[in-house]
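Protein chains in written order, with the working numbering: chain A, 1 to 310; chain B, 1 to 247; chain C, 1 to 246.
Just so you know, these hints were derived from the structure itself, not from any lab. Bear in mind the structure is a predicted one, so any value in this text is a computation, not a measurement. A couple of the hints might just be wrong.
Sample of chain C residues lacking proximity to chain B, with all beta carbon distances greater than 12 angstroms (derived) [said to hold, decoys possible]:
id, residue
1, Val114
2, Glu171
3, His196
Some chain A residues near chain B, calculated using beta-carbon distances under 7 angstroms [to be verified]:
id, residue
4, Lys8
5, Gly10
6, Thr12
7, Ile13
8, Ala16
9, Leu30
10, Glu42
11, Phe111
The beta carbon of each residue, even a glycine, is placed where N, CA and C say it ideally should be.
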Amino acid sequence: MKISNELKVGLTIIGATVIFILGVRYFEDLPLFATTYELKAEFEDAGGLIPGNLVRVSGVSVGSVNSVVISQETGKVEIGFHVDRNIIVTEGSYAIVTGIDALGAVRLDLFLGSPSAPQIPEGGLVDPGKGSDLLGDLSASAPEMFDKVSGVLDGLDSVLAEAGTMLSQPESDLRRTMSSMESAVAELDALLASERGRVDSIMSNVESVTGSLDSAMGKDGEKVSQVMNHLGTTLTTLDAELARLSSVSDNLNVLLQKLNEGQGTLGLLINDPTMYHKMDSTLDSINSLLADFESDPAKYLGEMKLVDLF
Amino acid sequence: MILNPIRALGKYSQLLYHAFGALPEFGTYRVNLWQQMMRIGIDSLPIVMLAAAFSGAVTTVQTAYQLVSPLIPRSIIGSIVVPSMILELGAVVTGFILAGRVGARIAAELGTMRVTEQIDALEAMGLNSIGYLIVPRVLAGIVMFPVLYVAASFVGIGGGMLVGHFGGFVPIGEFLEGAREFFQPFDPVFGLIKSLVFGFTITSISCFKGYNTSGGAEGVGRSTTQAAVASCVFLLLADLVLAATLL
Amino acid sequence: MISVRNINKSFDGRQVLFDVNLDIQEGHTQAIIGRSGSGKSVLMKHIIGLMQPDSGHITVDGIDINIIPYAELRKVRRNFGVLFQGGALFDSMDAFENVAFPLRTFTSKSESEVRAEVMECLGMVELPDVGKKMPSELSGGMQKRVALARAVALKPRYILYDEPTSGLDPETSNTIDELIKSLADQLNVTSIVVTHDMHSVLNIADRAAFIHEGRMHWTGTIEDLHASDDKVLRRFVKANEYQIGV
Ligand SMILES: Nc1ncnc2c1ncn2[C@@H]1O[C@H](COP(=O)(O)OP(=O)(O)OP(=O)(O)O)[C@@H](O)[C@H]1O
Ligand SMILES: [Mg+2]
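Just chain A, same shape as in the assembly (with noise of 0.2 angstroms):
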């Protein structure tokens, strides 16, 4: 059979025209056959978010943003998006920006309500999420933080250098109750290697911490606002124990020297270089560390409790 020229045409531009509209619904990351589901977001702060930028529900790709405005009246930034219609999006669900700007791998994580609670309508406004820049928010409060961190360092230096001048002065106190200390020592670093076995498994429990800290991250922007504050406040305990600290003279000198020397509980924590490279590496690290300190703070200030024993 001899295809005639009209055919041939046709079916050329109807196939031009089904790979164009299912390449560009492909590219526009909207399911290929299904029909998708408008809706819209409001947000103080795009945080670089454009259209094309993926939508992301539990880390799956569902769809995509379509638009970026700053409304006129209110001034915030409407962020319109669509999903597949699969997923439901109902009362209760909010979305968050989350990604690096930097990197232009900005995308909106969506937070699906309850599935029993009634579905948002077509074109409706989504909840955004509290939170919604979290690492934002992280080198926010970072200054802060190093300040207080630093401060507890400063304390400490200055306990240390308090320590070396009074182990200098030859008739001091502290040499003087040096050797009846010493059986005290002796005594410590017993107690302190029975307790090793302890600080290896709260070390292995940060490092699966910071493992899951991923996901942790996007879900819970709120409660690492919450971290973030027990962070300032854990600090400030830390530094009125050091304040303590310094008060505690005698037996103090030796601790911090084996402190120093790496046997101690707390020194293990500062001398142990594993875990500065994660507190380093990632603000993650930083975070999920913070996370364990708020899970269960009693555990760290427990260990800080050692040092009330001297």
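For chain A, the structure is supplied; the task is to place chains B and C with the ligands on it using the hints.
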């Protein structure tokens, strides 16, 4: 001397005006329309797709070469190659090929018809030669160019993707992920508008050159060259104007 | 009835037609003779509006074709069949399709009717077997004859022949002359024959018009032509008589 281009523009617009006037007489050009769609569109598919595949592949390799940094995710290659193809290369590569292939052919065809009095013969029969010869060619250009553009973009992206994958630059999945991340829905619409304008520009200019040929075989040669060159020049101009106005 | 009034035409500042006048009566066969480059073909193209005069008017059946809109002009042109000097066959179509083209385009005849008429026309020009051949596969004379078949296919009221017999052997020339004559006689076609073949002129024409250097030098009947003592015309006729051995 300076007036010549203006005069040419006037003649060109006049020709378009007559072509537009002949548009309702579908009967005069129906058969020719299908034939021209075949020649301009379908017959150009292989060469257009070949060129597009290569330009996609080259874009991928070049992008990969320029972005050797562990800080930049490899998916960026997809985010660059796909919009390049959709926005610019798909339409422009097709345009240049058709300016040579289709533009020259139209001008040679119409030019020969002019110098051998075939156009006069059509007119003498009472046929609208513009409607019969030019309208189907320009229409075929307007309709088939976007089709070729889609084919070129599709094949170009495919070519870039495959070279990226098998050349070890970026796996297909990451390529597509990068492309989807930064996809602007207006891009393909813009490309489509562009290809439409290119299709019109190339075919109408070539028809103009061919239809107004004079001076025998030499004249046909002159028209053919002029048609190809003018098509390319005005294609670039149209590209710039469209980018400046629509983007 | 075609009348040409005071036509002037120049190309790029070079004038080719000077104040040309000519009247062609209904049913007559008008020969236009003149030397090569005298402007015969240009005049012919003016008559069907393919060229616009710089000044002057051409009327066909009382309609001034230089002022009517294009759509009207095309209606007037449908009354014409034109044989161009170079044949002007559509080289994208074979001989059959060339002859069938006006039939298909302007009539609603069935395929079998078209076929029959095309074969009849090709038969008239003694080329019944060339239907499948492309114009490029035909000799110059054959192309001319197929073009003639195309020009007469619609049985128009006016037929313009631009050198219908040039490039043909004497025998075929005679056949073409007979064809022109029979069309004129049987269908009352008004014919305009541009030629420099005096033999044809004497054979088929009622009247002759002699163009010399772009001017209508002489017009009259064939009898007048013989009797004329115009030196330029005599020279032109003489040159032909020697050729045809009258
Ligand atoms: N389209 C054109 N552009 C410029 N000059 C033209 C054009 N057509 C014809 N001429 C000029 O007009 C003059 C008359 O040409 P025309 O074709 O009418 O001659 P002719 O009498 O038909 O000669 P022949 O018997 O050789 O066909 C010639 O000098 C030719 O150069
Ligand atoms: Mg001539």
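Checked hints:
no.: 1; hint: Val114; in the structure: holds, 15 angstroms
no.: 2; hint: Glu171; in the structure: holds, 27 angstroms
no.: 3; hint: His196; in the structure: holds, 19 angstroms
no.: 4; hint: Lys8; in the structure: holds, 6 angstroms
no.: 5; hint: Gly10; in the structure: violated, 9 angstroms
no.: 6; hint: Thr12; in the structure: holds, 6 angstroms
no.: 7; hint: Ile13; in the structure: holds, 6 angstroms
no.: 8; hint: Ala16; in the structure: holds, 4 angstroms
no.: 9; hint: Leu30; in the structure: violated, 9 angstroms
no.: 10; hint: Glu42; in the structure: violated, 22 angstroms
no.: 11; hint: Phe111; in the structure: violated, 21 angstroms
Going through the hint list in order, the structure does not satisfy hints 5, 9, 10, 11.
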